[in-house]
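Enquirer: Residues per chain, in single letters:
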Amino acid sequence: MRRVLICAGTGCVASGSRKVTARLKEELDRQGLAEQIKVVNTGCHGFCEQGPIVIVEPGDIFYCQVQEKDVPDIVAKTLANGEVVDRLLFKEPGSGQAVTRYHDIHFYAKQQRLVLKNCGHIDPENLDEYLAVEGYEGLKRALTTMTREQVIEEVKLSGLRGRGGAGFPTGVKWEFAYNSPGDKKYVVCNADEGDPGAFMDRSILEGDPHAVIEGMLICGYAIGADEGYIYVRAEYPLATHRLRVAIAQATDRGYLGENILGTGFNFKLKIKEGAGAFVCGEETALLTSIEGNRGMPRVRPPFPAVKGIWEKPTNINNVETFANVPVILRKGGSWYASIGTERSKGTKVFALTGKIINTGLAEVPMGITMREIIFDIGGGIQKGKEFKAVQIGGPSGGCLPKELLDLPVDYDSLTQAGAMMGSGGLVVMDETTCMVDVARFFLNFTQKESCGKCTPCREGTKRMLEILTRITEGKGEMTDIERLERLAKVVKNTALCGLGQTAPNPILTTLRYFRDEYEAHINEASCPARVCKELITYWIHQEKCNGCTRCARSCASSAIAGAAKQPHSIDPAKCSKCGVCIEKCRQGAIVKLTGKERQLVKH
Amino acid sequence: MSTVTLTIDGIKVTVPEGTTVLEAARQAGIAIPTLCHDPELSAPGACRLCVVEIQNMRNLPASCVTTAAEGMVVSTCSETVVEARRTILELLLANHPEDCLTCAKSGECALQDYAYQYGVRKAGFAGERHDYPLDESNPFIVRDLNKCILCGKCVRACDEIQGRTVINFAFRGFATKVATPMDLPLGESDCVFCGSCISVCPVGALTPKQMLGTGRVWEMRKVRTICPYCGTGCTIELNVKDGKVVGITSTPEGTVNGRALCVKGRFGYNFIHHPDRLTAPLIKQPDGSFREADWDEAIALVAEKFGAIKTAHGSDALAVMASARCTNEDNFLANKLARAVFGTNNIDHCARL
Amino acid sequence: MTNSVKEIAGADFILAIGTNTTETHPVLSLQIRQAVKKGATLVVADPRRTELAVLAETHIQQRPGSDLALLNAMAHVIIAEDLWNREFVQSRTEGFEEVKAAVANCTPEWAAEITGVPAETIRQVARGYATSPRSTILYTMGITQHICGTDNVLAIANLALLTGQIGRESTGVNPLRGQNNVQGACDMGALPNVYPGYQPVADGAVREKFERAWGVPLSPNPGLTVGEMMDAAHHGSLKGMYIIGENPVLSDPHQQHVREALEHLEFLVVQDIFLTETAQLADVVLPAASFAEKDGTFANTERRVQRVRKAVESPGLALPDWQIFARVANAMGYPFNYSGPEAIMAEIAALTPQYGGITYPRLEGDGLQWPCPSHDHPGTRFLHGEKFTRGLGKFHAVSHIPPAEVPDTEYPLMLSTGRRLMHYHTGTMTRRARGLAEFYPSEHLEVHPEDALRYGIKDGDLVRVTSRRGQIEIQARVTEMVQPGLVFTSFHFWEAAINALTNTARDPKAKIPELKVCAVKLERVG
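Protein chains in written order, with this note's numbering: chain A, 1 to 603; chain B, 1001 to 1353; chain C, 2001 to 2526.
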């Protein structure tokens, strides 16, 4: 039977996949094909930019940016006659070559999808589809053939490390919880994905919720817990919905609840919706929030494994970590450990964003270089611009320069370079990105999201942000750099939780790799990337301007003057530096001046 | 109980297992500054002023929440530690009004003391400061959130001493503040004005309204006594200046109550110097009005009248109503007066009311 | 209290009956909160839905005046379900059989009819009390201010004896005393039937001891209680009265009766710190020192004797009470020669066995809890540990009687009175305490919404409350704090002197007036 897989992840839903689905069903009905062709709404393919995505099986035909109006063609040509609709195929950036098959697209070809394997290929709201792809086989194996200790050993053997932040070995964490005395234990899944630009956990929950549930069940069995919580952000309504459906189905079919698979193992699972605080991604804050209190981190030790929710031993992992567990149990820890590097095993999902061509989710084996991710999978930098830096690990991570492009991506080398794996957010920056401004952006985020509990984070990030703002406004002094470094060091050294301790990372890495940009801002009143508004002046090159008036007509501030066919000029006093004129100019006559260049305007 | 031995600033200290590094240091006579720590409250490890350097430990752990371990080597005054503390103080001062001249807390303000001790003269980080309106919505507690250093003691005192949680942290980042539900003024909240929050506030953010301007901390003589209201018997300290009770404070040494008091105990003292107080014996005149008299006249009249009744009608025509608000000594003499002098057992008091 | 304040936090089961602890004993109530936080079961029995009731796992909202039925039914359950402590009852008590017989018919179903509390709730509470490792009962005037007040207390004691929930830490029968030194006033013999230390005046040997110490013959006849004094004054047998630090015109039931009684007296002396409503009726008013102006001791609810210290001078000519008594005694020809309170304490210690070991130097720090019979005795945290004061603990068979005055067609509502957090007694102090008076400037009457609807009353309306004895006008507060058919207010405000309405009906043993129940009617003014 032919299947048409239509992505129903958040991204594709936003770009209209529900309408496509409805139209397709209607069309199939009309053509009398409804019996022979199955329409499946799947989770995310991780290529959201190209959505809505439609895949036709068998044949693996990959259609992208499909709209309602394209549906008749798909039905008439592909489904009825097996022809490909060329205009809906993906065109490789650069070469422009159209690719028919999903697996041939560069974006996917270099990936190794363990966790995302089912995403986009099964109906997440249908347990049978999960079962058809060996779903709950890992749990079965654990419950029926292994002791609790053996399960923990298997996970330890796999070398799996936490996918949410610091990369603590998962098996060891489970062992702590297992060893903690207590009649009541909990398993918690951290689905409070909060890093700007990261959405791998959401995609997993939307595309393969049972994998996460299965991972939690295996963990519950291993540590001796009979209750679990999934702490999911309320901003993820679709993920929450799919989790609810999945929990209901799993409970219905005996994978959750009492006497699971007839083994006497009991486990119930609850969903707790977060209220949108970034800090609740920090595990102790998350636990505090589950208890019904304001999400603020608490001091460790005691670790959650000893005193977690309501002071009971609790194991907490994030979505991606749990999603790795079923495959480890199915295929074995040593198989899993064969992927990746010596100390970082398996795969990692990255969310590619920023000035990269192929934005989306990429799951790659550990140890792959940054260059491979950004240029092979990601297709390189947009608009032919130069790669400048990549911010990895979210606001707690760091900015790595092009010199580090061949850095193998694993926990330890990233940390050594001053960044961190974090949840796997990967923001690519090109030459038009100001690194001081980037640091300011992230500090603005961490300051706003600081829970306010400890002094260094609450007050320190504020003052660091103020200093950065000052520098981007050209009001900085060289002593500000010193002050920044001092503050950053103290905050890193003294903040209470991981978020506070890592909050200075964007500053420390940009200072480490892009110090000259700071100095240029301070000493030369110059923003080399021409981003910081206070330090740039818009100027029309008199010789290039042909007086087409497009710029003047588009200027909302009426800052551009000049007669038709005569060179125009910008009044700096009126210019709001919005940049619209540059976009309008076909002559490339408008430029941003910074530093000494700005004197051109004055004279 | 098993013990652990650790080295703090070169001094070997042996403490019971489970002791924090902070307590161990204090036992060894080493002072570590703290703002959010309070032995009677849970330890949030929030202010980070008590950080120390511990060999083989990442970063600078907060000593108030780090458990002493065997063989631990701790430095409480290394350059890194002092630098961190100075920076934290600078950060706090950068957002704290420098109005010690008029602040009611001056003289017993932890921030003031530590700024002095660490020589932090001026906040090194100029920038935004809070500008919250003063919360004077009630007659008891003035909240000046501009002075608040967010140590959270008041939040914990309200929760852990009073079991009420009328206040908690609200908002995030620099905008974080201690607030009532819906950020209402205290006077419109569920607050019962026990003032436990005042008793733990290390700075001038929470002050008793009735004491404002009545005297500086160092001018007060504190007289320890017992609350005059219900039968719980809370220990209170009368704050006396120039022969007047200008306020009541509590002390951690309170036998029954610790630092806890209720609104009457902490704030209900103005009656002491109320102009309505009786200042001379009064004798009723035929027209029903009172005139002032001296003791000799009044006592003579009382003795004469009671004596006459006793003679004419017998002892049991007299009665004494003693007082549950007087001291034991007072009541003992009232009892003796009734029984031995009046000659009657007609003595009772309001125990039944 | 048989036990200490801080022991409450260690209890596993707390029955708080007839006590609005968070308002009347705010700091003591923190111990209850601590216990609840640690996982103790809190059961609150109160006709009103007080703050403590909200905190409780179970709120028994019994009808006013039905406590005895509730308590006896609990005893019934404990016996019927064989939850009583055989060993304790056999070795430490007497009179079990009488109580067993007395409560035989007090089934929870029977009690449910009287109290309005579901039988199953009564069963559960009885079980919880009997079977928890450490159960304690706390009570105040909600239990005692009834014509069956003494029996209520005895019924509570029966429960403790039945289950052995007494004589151990965090257990006991714990009346929470409402005034700073009401315990001490009782200890010091400010009672008509006993000398200091509860030594009966009718006991010859005791009397002899005091006669020897005081060098005069003493009356063997127990005297009058406050209520009886008022009655005696009213019909003229009592001629002279010396009232110290009390304001019966506002605090005692049936205000008009009290006022008339005091006006009947030939000679009234009132000694106080303010010219109270009572002092205004006096022939001579003597100005006393406040607590801040004198040295001495208070005994708190847990029998802890603590030092009161002079901080400031008294205003004008005012003197500490003991000095005034000394002047009166001296003028009447009996010399009181004391150098100061410490010397008085020496005499107290010599004559009062429980205070035998108490001296001022020993009271520095945390004071001492009596009994403290000797100078090397550390004081007593909880009573009845080894044996009861009288040897064996005595059960008392007691049975339910309805309140003296119950609602009828003319007076269809029940009125109950009590205290508010912000005020104290007749308000002489708190209403002169700036903040308290400002925050809580006037009183209101709590009326249930159903009754408000019935009588056409809106929240904030001025209403007239009338009983057979008097009437007042007061603002109505429509609230579910009270149960339907019940109205409640405090006695702190002279403007709304609720004791104009209350009943003088008294408990025959303790002579406590039934302030917690009387029948009233309600109407909107204007």
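Check each hint, because a few of them may be wrong.
Below, simulated DSSO-like cross-link-like pairs (lysine-lysine); rule was C-alpha separation at most 27 Å, straight line [unchecked claim]: (1) A:K492 <-> B:K1310; (2) A:K592 <-> A:K577; (3) C:K2511 <-> B:K1310; (4) A:K117 <-> A:K38; (5) A:K574 <-> A:K492; (6) A:K489 <-> B:K1222; (7) C:K2006 <-> C:K2037; (8) A:K307 <-> C:K2209; (9) A:K492 <-> B:K1222; (10) A:K448 <-> A:K574; (11) A:K272 <-> C:K2209; (12) A:K475 <-> B:K1241; (13) A:K117 <-> A:K91; (14) C:K2310 <-> B:K1209; (15) A:K331 <-> A:K307; (16) C:K2038 <-> A:K270; (17) C:K2310 <-> B:K1241; (18) A:K19 <-> A:K38; (19) A:K184 <-> C:K2509; (20) A:K156 <-> A:K184; (21) C:K2509 <-> A:K312; (22) C:K2037 <-> B:K1310; (23) C:K2038 <-> A:K307; (24) C:K2387 <-> C:K2310; (25) A:K19 <-> A:K110; (26) A:K270 <-> C:K2310; (27) C:K2038 <-> B:K1222; (28) C:K2521 <-> A:K184; (29) A:K448 <-> B:K1177.
If you anchor each label on the Cβ, the simulated ranges turn out as follows [stated by the list, open to error]: (30) A:E473 <-> B:E1040: 19 to 27 Å; (31) C:P2449 <-> B:E1040: 51 to 59 Å; (32) C:G2365 <-> A:P181: 56 to 64 Å; (33) A:P301 <-> B:T1165: 20 to 28 Å; (34) A:Q599 <-> B:E1128: 52 to 60 Å.
In case anyone wonders, no lab produced these hints; they're calculated from the structure. Note that the Cβ used here is the ideal one computed from N, Cα and C, for glycine as well.
Enquirer: Each of the hints needs a verdict: does it hold here or not?
Expert: Quick rundown of the hints versus the structure:
With a C-alpha separation of about 86 Å, the suggested pair K492 (chain A) and K1310 (chain B) falls outside the 27 Å cut-off, and the hint is violated. Proximity of K592 (chain A) to K577 (chain A) is assessed by CA-CA distance (about 9 Å); at most 27 Å being required, the pair is judged to hold. For the hint pairing K2511 (chain C) with K1310 (chain B), the CA-to-CA distance comes to about 26 Å; that is within 27 Å, so the pair holds. Simply put, K117 (chain A) and K38 (chain A) have alpha-carbon atoms about 20 Å apart, close enough for the 27 Å limit, and the pair holds.
Proposed proximity of K574 (chain A) and K492 (chain A) is contradicted: the alpha carbons are some 42 Å apart, above 27 Å. Our distance criterion of 27 Å between C-alpha atoms is broken by K489 (chain A) and K1222 (chain B), whose separation comes to about 44 Å. About 14 Å separates the Cα atoms of K2006 (chain C) and K2037 (chain C), which keeps this hinted pair within 27 Å; it holds. Straight-line distance between C-alpha atoms of K307 (chain A) and K2209 (chain C) comes to about 64 Å, which puts the hinted pair past the 27 Å bound.
Between K492 (chain A) and K1222 (chain B), the direct Cα distance comes to roughly 44 Å. Violation of the 27 Å bound is thereby established for this hinted pair. Between the alpha carbons of K448 (chain A) and K574 (chain A) the distance comes to roughly 32 Å, so the proposed pair goes past 27 Å and is violated. Between K272 (chain A) and K2209 (chain C) the CA atoms are separated by roughly 74 Å; this puts the pair beyond 27 Å, and the hint is violated. As the CA atoms of K475 (chain A) and K1241 (chain B) are separated by approximately 52 Å, the hinted pair breaks the 27 Å bound.
A C-alpha spacing of about 23 Å is found between K117 (chain A) and K91 (chain A), which places the hinted pair at or below 27 Å, so the restraint holds. Under the criterion of a C-alpha separation no larger than 27 Å, the hint pairing K2310 (chain C) with K1209 (chain B) is consistent with the structure, at around 24 Å. A distance of roughly 33 Å separates the Cα atoms of K331 (chain A) and K307 (chain A); the hinted pair therefore is violated under the 27 Å criterion. Taking the CA atoms of K2038 (chain C) and K270 (chain A), the gap is near 26 Å; set against the 27 Å cutoff, the hint holds.
A hinted pair counts as satisfied when its Cα atoms are at most 27 Å apart, and K2310 (chain C) with K1241 (chain B) qualifies at roughly 14 Å. Straight-line distance between C-alpha atoms of K19 (chain A) and K38 (chain A) comes to about 17 Å, which keeps the hinted pair within the 27 Å bound. Restraint check for K184 (chain A) and K2509 (chain C): the C-alpha separation of about 54 Å exceeds 27 Å, so the hint is violated. For the suggested pair K156 (chain A) and K184 (chain A), the alpha carbons sit about 23 Å apart, so the restraint of at most 27 Å is met.
The straight-line distance between the Cα atoms of K2509 (chain C) and K312 (chain A) is roughly 54 Å, outside the 27 Å bound, and the hint therefore fails. Proposed proximity of K2037 (chain C) and K1310 (chain B) is contradicted: the alpha carbons are some 59 Å apart, above 27 Å. The hinted pair formed by K2038 (chain C) and K307 (chain A) meets the criterion: a straight-line CA distance of about 17 Å does not exceed 27 Å. For the given pair, K2387 (chain C) sits about 39 Å from K2310 (chain C) by alpha-carbon distance, which is inconsistent with the 27 Å threshold.
Of the pairs offered as hints, the one joining K19 (chain A) and K110 (chain A) is violated, with about 32 Å between alpha carbons and a cut-off of 27 Å exceeded. Our distance criterion of 27 Å between C-alpha atoms is broken by K270 (chain A) and K2310 (chain C), whose separation comes to about 62 Å. Between K2038 (chain C) and K1222 (chain B) the CA atoms are separated by roughly 35 Å; this puts the pair beyond 27 Å, and the hint is violated. About 56 Å separates the Cα atoms of K2521 (chain C) and K184 (chain A), which puts this hinted pair outside 27 Å; it is violated.
Proposed proximity of K448 (chain A) and K1177 (chain B) is supported: the alpha carbons are some 13 Å apart, at most 27 Å. Separation of E473 (chain A) from E1040 (chain B) is about 47 Å and departs from the stated range, judged on CB atoms against 19 to 27 Å. Look at P2449 (chain C) against E1040 (chain B): about 42 Å separates their beta carbons, and that is not inside 51 to 59 Å. At roughly 41 Å, the beta-carbon separation of G2365 (chain C) and P181 (chain A) lies outside the given 56 to 64 Å, and the hint is violated.
Here the CB-CB span from P301 (chain A) to T1165 (chain B) is close to 26 Å, well matched to the stated 20 to 28 Å. Taking 52 to 60 Å as the suggested C-beta distance range, the pair Q599 (chain A) and E1128 (chain B) does not conform, at roughly 33 Å.
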